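All chains, please: the whole structure from these sequences, using the hints.
Number of protein chains: 6
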Amino acid sequence: MGLAFFPIGSLEQHGPHLPIGTDSFIAQSIASGLSKKFPNSFVVPTLPYSSSFEHIGFPGAISLRSTTIISVVQDVIHSLERMGIQKIVLVNGHGGNYLLGNIAQEMNVDKPYVFVTPNRHHWDRAYEKAELSISISRDMHAGEGETSILLHLIEEGIIPSSVKPDKYMDVDSPNRPLLQAIGMRPYTSTGAIGFPTRASSRKGKLLLQELINQISITVEEFLGDKH
Amino acid sequence: MGLAFFPIGSLEQHGPHLPIGTDSFIAQSIASGLSKKFPNSFVVPTLPYSSSFEHIGFPGAISLRSTTIISVVQDVIHSLERMGIQKIVLVNGHGGNYLLGNIAQEMNVDKPYVFVTPNRHHWDRAYEKAELSISISRDMHAGEGETSILLHLIEEGIIPSSVKPDKYMDVDSPNRPLLQAIGMRPYTSTGAIGFPTRASSRKGKLLLQELINQISITVEEFLGDKH
Amino acid sequence: MGLAFFPIGSLEQHGPHLPIGTDSFIAQSIASGLSKKFPNSFVVPTLPYSSSFEHIGFPGAISLRSTTIISVVQDVIHSLERMGIQKIVLVNGHGGNYLLGNIAQEMNVDKPYVFVTPNRHHWDRAYEKAELSISISRDMHAGEGETSILLHLIEEGIIPSSVKPDKYMDVDSPNRPLLQAIGMRPYTSTGAIGFPTRASSRKGKLLLQELINQISITVEEFLGDKH
Amino acid sequence: MGLAFFPIGSLEQHGPHLPIGTDSFIAQSIASGLSKKFPNSFVVPTLPYSSSFEHIGFPGAISLRSTTIISVVQDVIHSLERMGIQKIVLVNGHGGNYLLGNIAQEMNVDKPYVFVTPNRHHWDRAYEKAELSISISRDMHAGEGETSILLHLIEEGIIPSSVKPDKYMDVDSPNRPLLQAIGMRPYTSTGAIGFPTRASSRKGKLLLQELINQISITVEEFLGDKH
Amino acid sequence: MGLAFFPIGSLEQHGPHLPIGTDSFIAQSIASGLSKKFPNSFVVPTLPYSSSFEHIGFPGAISLRSTTIISVVQDVIHSLERMGIQKIVLVNGHGGNYLLGNIAQEMNVDKPYVFVTPNRHHWDRAYEKAELSISISRDMHAGEGETSILLHLIEEGIIPSSVKPDKYMDVDSPNRPLLQAIGMRPYTSTGAIGFPTRASSRKGKLLLQELINQISITVEEFLGDKH
Amino acid sequence: MGLAFFPIGSLEQHGPHLPIGTDSFIAQSIASGLSKKFPNSFVVPTLPYSSSFEHIGFPGAISLRSTTIISVVQDVIHSLERMGIQKIVLVNGHGGNYLLGNIAQEMNVDKPYVFVTPNRHHWDRAYEKAELSISISRDMHAGEGETSILLHLIEEGIIPSSVKPDKYMDVDSPNRPLLQAIGMRPYTSTGAIGFPTRASSRKGKLLLQELINQISITVEEFLGDKH
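Residue numbers (our numbering), protein chains in the order written: chain A, 12 to 238; chain B, 12 to 238; chain C, 12 to 238; chain D, 12 to 238; chain E, 12 to 238; chain F, 12 to 238.
Calculated directly from the structure, the hints in this document are not laboratory data.
Warning: the hint list may mix true and false statements.
All copies of an identical chain are treated as equivalent in the list; a pair is satisfied when it fits inside any one copy or across any two copies.
To be verified - No more than 30 Å apart at the CA atoms, straight line, and that leaves these computed lysine-lysine pairs for DSS-like:
1. 216 x 48
2. 178 x 47
3. 178 x 237
4. 216 x 122
5. 122 x 237
6. 140 x 48
7. 216 x 178
8. 140 x 47
9. 140 x 122
10. 237 x 216
11. 140 x 216
12. 122 x 48
13. 237 x 47
Since the structure is predicted, the reported quantities are computational estimates derived from the model, not experimental observations.
Here it is as structure tokens:
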């Protein structure tokens, strides 16, 4: 039984200090770590753009319409099926891709084979275990967590050194009730929401490990599932 | 400036004790309550089916594909725009309609005019204020909250008396990591997840009021928004 | 062998005297009456909007594009199929939904299981039998027939009393060659075409009964069909 | 102000005696006759296939899905608009293309510029004036009317002589309530419904002329329309 | 095993001397010639419009969007399949329909049954064998080749005499690197690219024959294919 | 005036010796080289999958349907437009993406701003100038050219060293008339068509440079274009 990890990234501003491809780097790193834990699994090339319309107030976003994302994800999954892959895990690097849940549910009607991850619980547990200073809800975008992971990836030479530490600035914006209506801009002057000044590559290493650990538990369940 | 509330319901099993149209009744009741608070607003007829593929293991679900939901919501909104309505609030009765967030963000690129509600915060606050015994996350489907609202609506004569109290049964299923992959069935024998035995029409009345109150605060902000 | 009745309504002006949801009320009432005649049948929640672009000259219309209607109808039918329903009757309350015929024909290529009703013959016979004063062709919209059915439904308490008898006005507009091009507006100042002043709840009761009777005959044939 | 006539044909069996392209020949002939009456007008090449799923029981049908027909008609109309054409008349040769009415209404929301013809009234009047023996409703397919027009077109050398008079056979099938569900096959052994034995090229010439005359009156109105 | 030839034409300017339907005439003539060589084959009615956006700078083009062309071609092919046809040859008269290759490849995933022709090699060989004065790359549009075939078809009475020899003019425009970006207009004042003054009906007869011969060889291979 | 290079890659087998992402690496390298020549330009993340249905006979292909590719390319281009980018160059690494030409032509109807490259001429000239041993037509897939570029990219450390030189094997398959119908498999046992044994990193460096040079000339024209 084959297993594929399909990372879904995004291209959107991540404050002045992180690259626009941050979500893609993170999705890919998680998928890569997961793949090492599961023999007979592999990682599909990352989809580098998805639903980023909420970042339109800042330069740099490339957004696919929801119908386009649905088509791409279905086509990739159908290609994997044709190769004989029986379980497919979408590794989503961009919180705003809510519709992935609907895509999975729709495809799973006849057999359970598509699974979206990480979920909120995975993130919460990983933040806790990696001892980050705050919850992901307040550290939502380009904050302590994402910046830490990027610092770690730079240290490992996995991505080139493009983080500029001198531009770090924390933005605390705990309530964002109109985010889906008015976008990020009104809630942050930098583009980030969270606490990047608290980031460190050590935290990033831990956070990434814990995300992979948490998700692995659910993937194990998914593989063992008999429904 | 006109304001419209557009309830999104669903048609899916709600345990042996609640009607399959429960989410539609709730969405419609919230929208109706909101409309009373906002002069110059009105309520659009409820969309009675949406994304319910996770309930396929039980009889009674009618599900629209994600692409269909996108088309319906866009067409209704465009018709409202043509009438001169400038702010549109989607009142979502079914937690599984994740993609509504994406639909809104995509339509709001040029101007903020579509808003999805209630969000998680609204539900959490309303559960607290109405003094329900547990969080909505554990009382997810046809539990204390939904059953209470339905009891209230029956008492008010708004919906006919179809709830059968002798079939109540609580199901505690706090962790459902594979829900999107394997559906509801493996997590509940009755179809419900939560605590319907604790329901009362008094709680339902309060919960509905608090939901309307919480959402109203955000709608006020949305109307006052100058972005 | 299960049988489902799926009412297709609309949301569009029906003159100053009838509610914009008139077609939905009528479709639902016919479907409900039909269901009582056929054991093992049930009624799906009414689709409350469809193709009403010809009413754009008046306020109140919500219109779905043709492609959207096709998707919704196909999805509902496929959900019913999945439940094991083998015959599906679309009960169309809005004359302008011509495309339902094409949707049915396309779905029936492999097996005959979708049927659109009432057809013109059903309406003509019912008008005759209920002794309405004129043909449905001249009493096309919010006229004697529709107003009578609404009066009947109000009398029965099925819909709330929103008809305002003091605003009745007959409009005779027998030829409307450009209706599809220029819409209703040029053919009627009130929005209605027909003779609402002649309406009565007694006629409405009869008309509804006769429609149900006429359609039942065809549904019997449909169920007995061996093709 | 330019005017274009866009013939919509079909490819489907027309009994043993008429070619499968009969509807296309008729649509094209009407369009061609109309164009001669209107200076500054022209005829677009005929769309040779449309919605013929009801003929699937016989060989020879090529059918486009409804969504495909919508796309083709919209694209052709948009191309004509780009050329500066301001009024477009769809000349429909195939009765089963109900959805053309919806396509027109949807495109006419902002300005009335698309018009579908002939309507039922045009056909009825033309049948009467050409003194055909029966109504078009009973002479629905490959009957006296269509066969007569084809005989006329053969006589004129417009189409090659492919009608085989020795295979004529009348089929009277006045009631076809389940046509959209079960197709043509159960209502006719030959594929035709109507009275081809009564056809003559003289009747065909008259019928075609009268159709063109009747439609011209409406097209005049359409051109003069100020809505 | 049935075989169908499906001609894909276009509607676009072909200089002042050739009709806008030139590509359709040529596709149809090739298909007709091919069909005579293969017993049990037949010719589907020509699709008279396709992808002609590059001719928008001149009057007369009707263009279908790529998604529309995909739908039409798929629907026609599926209708042919339903009739039992097992091999389908698209005979493309318009060089700009690049996407036909993708449509074929996508449909051939499970079994090889759709084939697009003529390819570049067929055209090159036919130009050589018919002793045309130049390569098709320089004689790209309404040039020596297409004009010759049209002259031949006129001589045969297959199409009416609409070529106006006094408007012939050669345009040599060998390099057109930006054609897909800026269209035909900047590369030709007449709309043609090539050498129509060198055309003759004799060359047209030969060219058509050679095209049919060349394509036949590949169709034979296609029919004999066991993959 | 901004300029963006958008590389279109693919994921498909490239013989036993090259990675399945070869086309993506090449598209990205060309785009990167082009961007260095044009100030104020940038490179969009590579689309890593496209139309690879012809490789289905071998493992490893992920294919997007044509309609999906159209949607993705349109969405990316529309996002770039929104950022103010006025010229967009698609850098296509996969020969089988014929439809990109149609996508560009369709989007260029109102203004010329989308351009697909490299074209056949660019490849031919670059092969010549880099002194490859044979034409690209015979060295079509994973041959001397692609292998050389990959060797060069490995040498530069741009991609990791995954080429396995001991598995090289030349396959000469100059005629592939049925490729679109039957796929690659019948024309090659290794998956490659061409002469990888003749590859060298020096040739790869030259070939890449010459491709960039050739394309630059056309991009200059495109930027200077006043149509």
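Taking the hints in turn, this is what the structure says about them:
no.	hint	result
1	216 x 48	within (16 Å within a copy, 38 Å between copies)
2	178 x 47	between (35 Å within a copy, 26 Å between copies)
3	178 x 237	between (50 Å within a copy, 29 Å between copies)
4	216 x 122	neither (36 Å within a copy, 40 Å between copies)
5	122 x 237	within (10 Å within a copy, 33 Å between copies)
6	140 x 48	within (19 Å within a copy, 45 Å between copies)
7	216 x 178	within (22 Å within a copy, 38 Å between copies)
8	140 x 47	within (21 Å within a copy, 44 Å between copies)
9	140 x 122	neither (34 Å within a copy, 40 Å between copies)
10	237 x 216	neither (34 Å within a copy, 41 Å between copies)
11	140 x 216	within (12 Å within a copy, 40 Å between copies)
12	122 x 48	within (24 Å within a copy, 38 Å between copies)
13	237 x 47	within (24 Å within a copy, 42 Å between copies)
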